[in-house]
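**Student:** Let the sequences and hints guide you as you build the complete structure.
Quick note, the sequences are listed as chains A and B, same order. Heads up: the first sequence at position 47 corresponds to 47 in the working numbering, and the numbers run straight through without jumps. Heads up: the second sequence at position 71 corresponds to 71 in the working numbering, and the numbers run straight through without jumps.
In short, the hints are calculated from the structure, not lab data. Hints are not guaranteed to be accurate.
What the hints assert, rightly or not - To spell it out: a stretch of chain B is covered by chain A in this simulated footprint if at least three of its residues, at any positions, have a beta carbon under 8 Å from a beta carbon of chain A; those stretches are:
(1) 70-80
(2) 104-117
(3) 131-142
(4) 182-192
As the list claims (entries may be wrong) - Take a look, some chain A residues computed to stay more than 10 Å from chain B by CB distance:
(5) Pro6
(6) Ile8
(7) Thr14
(8) Asp22
(9) Val117
(10) Asp122
(11) Gly135
(12) Val141
(13) Asp157
Stated by the list, open to error - So the derived label-pair ranges between C-beta atoms look like this:
(14) B:Glu56 with A:Thr101: 39 to 47 Å
(15) B:Ser34 with A:Leu67: 44 to 52 Å
(16) A:Val107 with B:Pro146: 27 to 35 Å
(17) A:Leu53 with B:Ser25: 44 to 52 Å
Where is the CB? At the ideal position from N, CA and C, for every residue including glycine.
Okay, here's what each chain looks like letter by letter:
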Amino acid sequence: MDERDPLIDRAIETLRESVRLDPGLDRRVMEEVERAPAPRVGARRWWSAWEWLRRGRTVTVSPLGGLAAAAALAALLLMGRWGAAWVEDTAAPTEVLEAATVQFVLVAPGASMVTVVGDFNDWVATATPLRQASGDGMWTVTVPLPPGRYRYGFLVDGTEWVRDPSTPPALDDDFGRPNSVVTVRG
Amino acid sequence: MNPQRRAAWVLFAAMLVVAPRPASSQEPRLAVLSQPQRAQVEAILDSARAARLPTEPLVDRALEGASKGAEGERIVAAIRRLHGELGLARDAMGGLSSAAEIVAGASALRAGASPNDLTRLRELRGEESLTVAAAVLADLVAVGVPSDTAVAAVLALADVVDDAEYVAFRRSVERDIALGATPVAALGVRLESSAAAEALGAGATDQLDFSPGGQRQRERKP
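**Tutor:** Written as C-alpha cells, this is what we have:
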C-alpha cells in the first residue's frame, strides 16, 4: 500500500521545485497594460456580457433531468393555450347548460321518409330521421338540445323542405327555403 | 449516443409534441364547400375568432347553405351578414354575453330591433339571460307583429316576467293570430292580460301602457 509509483514521486518532486520567473516579466506586463486604451465602463460590461454569452460551456443533463425540463416546458405551453381559451371564454362565457328534450312532429301522410335537419345536427340531411308513430302520417322524433336558438326544417322524402307549422318561422332565411326556429330555455 | 445528446433529443421530441398549433386551424365540416368559398368562409371565421365572437352559428349557416344547395357566393354573403349581426348584438348586449344570447340578439336585429333596444333590454333584465327575450322579439315579428310594436312589448315586459312567461306570452299571441286576430290586436290583449296578472301578483296598482304608441316603461300609479 505504501509503495508509490515512481512516476508519481517524480511528478511530486517536480511540482515542489520553486519556479524562477524572469525578473523583467512584471515590468513588461505593466507596460502593456498602460499602453492599452482604457475601455469605457459600460462598454466593458457589455463586452464582458457578450464574451460570457459566447463562451462555450458543457452542460451535463441526465435523461431524467431532460424529461423534467421537457415536462416543465410542456406545462408552460399548455398554460399558454388554456390562458387563451380562458380569454375567449370571458368574451363569450359558456353557460352551464342543461339539455332539454324537444319533440319534433310533422303530419305528412303521403311521405315515405321524413328527417329533421338543422343547427343541432350540422344540417346533415340523414342524421335525424323521424319515425311514423302509427302509420297515420304523423312523424315524430325527440332530440336532446342544450339551451339556445336553433333553426331547422323538415326534409320530406329527401327532396322537399317543409317548415314546422308549430313553431315560429325563422326570419333569417338566407337560402330561399323556409325554416322554423326553436328556442330552448336555460 | 452520449447522455447529453440523448437528453437533447428527448427535449426536442417533447417540444415537437407540445408545439402549439396555429389558431386558425381549418374547420373540417366546411369540406362540403368548394375550395374558393371555403377559403372565404374560413377567413370570416378567423375574423370572428379574433373578435371573440361565437363561430358555431357561422359554421351552421354555411352548412345550411350547402345542405340546401345554395351557391357559394350566396353562402359567403349570408355568413358575412351574420358575422356583422353577431358583432353588433354582442357589442349592444355586452362583452360577457353568452353565445346563445348573441345568436338570439342577432335574430332580434334581423327582426328590426336596434342595437340600442338590445342595450336597453340588457339594462332591464340585469343578470338574467337575454336569450329568450330577444328570441321572443324575433318570433313576434316573424308571426306578423310590427317590429316597433314587438320591441315595445318585449321591453315593457322585461322587468316584469321571467323566461317561461315570455314564452307563454308569445304562444298566446300566436294562438290569437292563428284564430284570426290581427297581430297588433293580439299583442295588445295579451299585454293587458300580463299587466293585470302582474298587478295582482304584486298586490299593487302597477300598470303598463301597452298601446303601440304608448309608453314602453312601467308606470307606477300613485
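**Student:** Taking the earlier hints as the rules, which of them does this structure contradict?
**Tutor:** Violated hints (numbers, rising): 4, 9, 10, 14 and 17; every other hint is consistent with the structure.
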